[in-house]
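Residue numbers (this note's numbering), protein chains in the order written: chain A, 1 to 235; chain B, 236 to 979.
There's no promise every hint is true.
[To be verified] Pulled from the structure, derived: some chain B residues nowhere near chain A, Cβ distances all over 12 Å:
1. I448
2. R710
3. A835
4. I874
5. P924
[What the hints assert, rightly or not] Computed from the model, here is a short list of chain B residues facing chain A with C-beta under 10 Å:
6. R394
7. T398
8. R401
9. G408
10. V410
11. D411
12. L418
13. P423
14. E952
15. R954
16. D958
If you're looking for bench data, these hints aren't it; they were derived computationally from the structure.
If you're wondering where the values come from, they're calculated on a predicted model, not measured in any experiment.
Ideal Cβ placement from N, Cα and C applies to all residues, glycine included.
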Amino acid sequence: MNEQAPLLELTGVRAAYGPIQVLHGVDLRVHPGSVVALLGPNGGGKSTTMKVCAGLLPLTGGELRLAGRRVNGITAQDAARLGICSIPEGRGVFPNLTVRENLWAATGTGARLADLEEAAYTRFPILGERRHQLAGSLSGGQQQMLALSRALGTDPVILLLDELSMGLAPMIVTRMYETVAQLVAEGLSVLVAEQFARAVLPIADTAALMLHGRVVASGRPGDIEDQLSSSYLGG
Amino acid sequence: MTSFLTFTILGLVLGAVYAIAASGLVLTYTTSGIFNFAHGAQAMLGTFLYWQLTYGWGWPMWLSLVVVVGLAGPAMGALLHMLIMRGLRETADVTKIVVTVAIMLGMVYLSQWIWHPEEARVTEMFFGANAKIELGGVVVRVHELVCLVVAVAVAIGLRLLFTRTRAGVVMRGAVDDPDLLRLNGHDPDRIAMLSWAMGSTLAVLAGILVTPIGGGALEANQLTLLVIDAFAAAMFGRLRSIPRTFTGAMVLGMTATYVMAYFPTDWTWAGNLRVSLPMIILFVVLIVLPQDRLRVAAVRTRERYRPPTPRSAAVWGAALVAAVFLLALLLDDGSITTFALGMTFAIVALSLTLLTGYAGELNLAPLSFGAVATITGFHFGVTGSGLASRLTLWGVLLAVLVTAVVGGLVALPALRLRGLYLALATMAFGVFLSNMVLRDTTEHTLFGVTFSIFPNGTLIVPPLQVGPFDLRDPRTLLMTATVLFALIGVGLAALRASGYGRRLAAMKDSPAAAAMLGQNLVKLKFGVFMLSAAIAGLGGLLMASAGGSVSGDNFAIMSSLALVMLTVVGGIGYISGALFGGLVSGVGFTIMVGTFNDLATAHPSMESIYKTIGQLLVVATALIGMGVGKNPSGTVHDIVEGYRTLRGARALLAGAAAVEAVLYGLALTGVIGNWWFAILTACLVMALPVAGRMRAAAPVRRTPPELAGVAEPYSDELRERLDRELGLPARERMAKEASVHAVA
Ligand SMILES: Nc1ncnc2c1ncn2[C@@H]1O[C@H](COP(=O)(O)OP(=O)(O)OP(=O)(O)O)[C@@H](O)[C@H]1O
Ligand SMILES: [Mg+2]
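Chain B extracted, bound-state conformation (with noise of 0.2 Å):
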């Protein structure tokens, strides 16, 4: 009785961090309308700040709390507002999600820069481990009431600023309606950046009193991702009802000492249960809890896409397969096979494009759906042992198949979510198998087989062989996720011309206007999960066989997260975007890093410099990543916009590509070094568009568009003019279905 009852109290001072976390979360979703992926990381961020002065500078522990939690707490919230989140108004929920992974993946990447991961940290509970106090019969640690004690404190002070107080009725109100707020006198932004702010010093609390209780060294991605259980509290009260968040949450820790106290020990997976318990339980409180109805008007989001026509998609296919075979002749065979890898990334990425780009639904786990085909084909696909095993073609549409199912049964459940609600879903689904595939490392017997999924924490998947193509040799690899991404590609391009490409479309653009047309949603969506499900598992086997050996790191939440992030950086609605997002998270940071480290080992004297540059480039991609709140149709498009001044610039265009051949001719002659024949190209290509813009500043002050068309005759030209100041798709399939109908 009285483990029973120790458990409890466990559970419950669990359960009180995930309350304090999760309730800030709530704070500013309701305030705001975002979802604030990045909260654990600023708890984590937190965390490392109060050690740094505790232990690092043996600060009194009173004025460190005083300063992280009074201080920096808040002023990282209100920062956070002022510098992004304000900036993300009419933006779709695809970019609040990533512009708020960026700020956590950079949160991430900068605390690894200043706080050495191979260093132990340890913070201790308050008032030392052996403060303990007997309450009838059951001995309970000092920090462990501290920590009840803050949640209650938080659970009424939030009770009585949300029903007691002007500040917080008004702040229940600025969601529904920012502009009705002003017209009362108030200032929005005055009351959302008080909400980060308070949401901000809740998440860093939280992170302060859990960390000594897990034990253990701090560590920045294990710190971010328990705070990130909180969501599965925060989603018990539908990101809206604070009492019903502390219940989830206290739910929540109870039933993680439980897991852990009672379930027999001889049971290896139970430590891996606990583990993924939260995403488990946000995954079923997502599918259980009723969702908000289907918006009925279409947002105005400021993202806009111009999709390819099939024709166009198919010329670029070729000419990037040719570019890239042109490229490898330049480099050696450890670069090509780098190459390689980022093209398989790219083929992930892809699979984001058709989901996100096309049909608007998001996937934040693309890479967990590629560790399913890995373990399909590495169990299933292989043939011959040691150096002369390969992959059989039968294995990879075999672990291509089975990953379609598996994000099929995946997405079933999660078919009636949206948004923000899928994205969590899906990210719940990667952590799970995260946690619990990819570290099943023991043996099973089941019905007389024995196996184990994740043999040894690495699997060994050789290259694929058809016939005389062998993946082995890295040139031959290259060319063929080359070959498969520009097929994909052109693939992609034709499925959104084609009439189920514009269901999706309809569906993305006004969920409940499609479904009044008699689209069946669930169809398509399932439909079109799969889809993106197999592609994801196709480029995550060949990532796997093209690095020779995967771990369950590989395919850590982190990482597909980075590769959402860069995608959409790149330009979700484009192929190219998926090419640019699978080529720098992929094999991107590896170079960066890598490169400068050997500058810093050439150059002794300069190492810290190069060092420091190395990492402030990984940091600076997340920034880029914050930057899609500014620019939310992503770089692909801005560089397309650039060149379309370019139009009709024949004799640029060919200057520019025989200096470019010149540039080439140079490299493979080996006049010039490779880095040298890549700054030149990146400084011609950046330079074209200037100078098309430069030979289009000619002085046209052209008609406003409203009143285009009134003084002047109604032209093609004018129209196609409107078509793209309006951001409207092209006019070409209707003028020619017009001048059918007219013949007709």
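Pulled out of the complex, with its shape left as it was, chain A reads as follows (with noise of 0.2 Å):
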């Protein structure tokens, strides 16, 4: 699998916020259909990883590659378009708006609203109950459903996950990533940053390890996990 071009690409990334740099030259490569974990603890840079990754944030060097093609200062909206489905840490529907809006904003990177909204409602069938409730008002696992269903219904080529099981039941941190799985079955990749590994090692093909704005290690899962426990005692 590893002959094939990677899907995303990242080589010598750095980036900041202002005057303070937080990545230092980070290497990750994500193939087709492959899931790959972020792990590490807090501050670890994950979570702007995948804010470069998503075009959120321009990188101050390096290279960012989308299916071998050289991307650097692309906009958030222009990699939506081509494919790159990013959920962001935390909160990732709008609360003011209903279930519905929400899969309704979710549309504007050319998907159909009906599409959308069969596919999440057969996934999550909470949500087709509670389709006319703002989202705010949702739990905090319901608002992660209709966070993912963004990905469901909108057919993106890679997925980018950031925390997803933040402030979840681990029952319920489970049935979303067995959505995940799913959709990696159906051919979809996946990079997804995680702070606890439990969750996410099962289904992950590659793990990498971020620690003060690099990729200190990556490798099989089983690997990773036991570099992993060093890292947060101190290493």
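Both chains come to you apart, so use the hints to assemble them.
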């Protein structure tokens, strides 16, 4: 599988918030149909890497390639239209729009509302029941379901998931990752950032460990898990 | 019964116009989070343009309607968004408010320049004032019907837009999270631009519809304020709900009409009440409606201030007094009086430094508090009569005290309010005071005492006399005002450095966090508001007595807004920012226009050019106000940053001081004129930072901040540099405390 060209490739990527540089040369590849787990402690730069991939934060150095093409400086809306579906940390929904309106807003990439609604309501029937409720008044788990629904109906090429498990009960996390696993089985590639490795490692093909704005190790999930504990304990 | 119906319909028509204007306001607020104070001014500009096309150039009415409503309106909104509003993301409420206020003032100045205010301009009703229809016994003008129909169409159109179209849904999402919108493949800038274009069109439409109803000639200030009345309607819908905004507008329109119709004619104040009714309603609505919850996270904004230590403030205060004294030797009596007037404005501006710069709350009507003090001083603080009359020290103290109490009373109901809402409440108070109190020139009899609040429309406020100090002498006046400014400034710096000041700063940065730490926010706000009102009162009373006489116009809301804007331009977190704002808004305009008018009279061949330059300068002050969006920390901040490079450049500074001393000597002996002195001094001041930068430009490739201290020792100097680059407050005190702990 590794002979294939990577779908998403970061080489020596640097990025900064104002004067503070946060990424100091990140190397990362996501191959078609694979799941890459980005692990690491708080402040390691996972979310920042995700923002760079989604086009929300410009690179200050290095290269971002999408399907082999250099796309440094791409805007988030163009990235979305090219098939990068990014679900940001914590708040992937518009709280003041209803469930249905959230799905409607998600059609900005060219999908049809009817398709999106069908995909979302079949997978998460609760959303169908609550379709006219404001997203802000849904429970945390339901909000994440809604956020994930965007990936279901818009047919993206690659899915960027940031901290899907944040603040959710373990059972719901498991269900969410089941959904992700299904999407992967249908051919989607996924880059997922998680602090807690247990939830994501079972479905991951590759894992990368991020520390202080660099990918310090990457390889088979099992190997990385061993390194992970040492890095948490002050390594 | 018929008359009741007639009045009801009139009320509905007025309400319809309010509704059109208010819905535009809601539209831009929901999509961009910016409350557009310039909304009324946009309506005003559109109406003037409509007048110009139809009556000035005689175009057919339909054509000018198409051009103004269909092209100029949307273009104005889109341009505003592209040039200015787009840059306001991640700025504090204060900055957003000030920038739109600056746009409003700029538009008013611009219209007064293009359309000279003394010429009367009238627009007529659609289909003429005599086109009437009888409906069930009630005669309605066709124009009024048009207003109603347009309002209904706007209501339905907006409803459909927001719920039935993707563009509308996306607009509603934009304010929550523009980044998420981009992740969904939308362009938030395009969406915001669309909403600004629509908002502006609605404003223009409302302006054109309302002008003939009010009757009379077009007047820029009045027309601007007329649409500002729609703020109350927008607030009914909490700036969000269009249906509630429409309801609010109708209530507003009908109440105003009924007051006019049914109040007894011998209640002389009923007319004033009608005019200020929208502001009263705005105040009440603000207080009664539930508020947004406190934001939990501190907002990351771009504003940066470095509070001065009391000691450096004292040094600078002494320097200011000395400089003003030396400068006064160069000036004649007339200029000194003008200068002193500016200094009193600067004192008023200090009230904003405390309230806005330190505590993060906004007062848009500082001069109204000055008016309260002036009225109190006039009625209770004057002894003697004629030329011998004098303001007494006790009178001044009483006036300041009363103002503080009034400030407290205004703030008390508004204490729950934050940011924009408090700003609007103070503005409502200011407009109310201008309309109700400062226009109250008739005599009342209450408990057997006959009095009038504002006799004849002008108050003659005599100068203050304390023992041998007689402020009738302009030099004494100027020096007193300067010393007072310096003293209050040093006091404020000391306050900021105290525990109280740090509590204020905590409240400003994160109200929720401050509340969780056990701060009583209500008490804090109440105290700081009273103190700030007292300072504004002192400045206002001195201003009134410096000018000799004041009219209600001196305290108009537009002047207050200009003062607020220019203080923010100077730097709201700095005492010197207040000095800048006060001097420029108090007398800067007069001097600029006066100078160029003098030049124009002196050189008749260049008259139009000089007059144009004068007007341009006035509009330009509003332009720098808009620049606040780019540089929210203020001009003073930039200058201070510029001078930072000069630290340690002793020779350069000494040389500059010597040059300045020579210039002063030349000016004092009359070798060079005052203008040359001013121009050369300005050149020197500007050139110094450039020289400093050249000196410092020696190639220092410095380590980026996050790597600092890794390969080099973590020295104090390095720590200071990090603080500076990251915009953290000075470390001195912490370092001192740390050393104390280390010893212990
Ligand atoms: N908007 C911002 N402005 C300035 N610095 C930021 C900003 N967002 C993040 N940082 C900094 O960037 C660094 C990396 O943050 P990032 O959010 O990428 O970490 P993370 O690995 O996602 O951590 P977590 O597991 O806590 O989500 C942190 O040191 C953080 O302080
Ligand atoms: Mg993160």
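Q: Against the structure, test the hints numbered earlier, and report the numbers of the ones violated in rising order.
A: Violated hints: 6, 14, 15, 16; rest satisfied.
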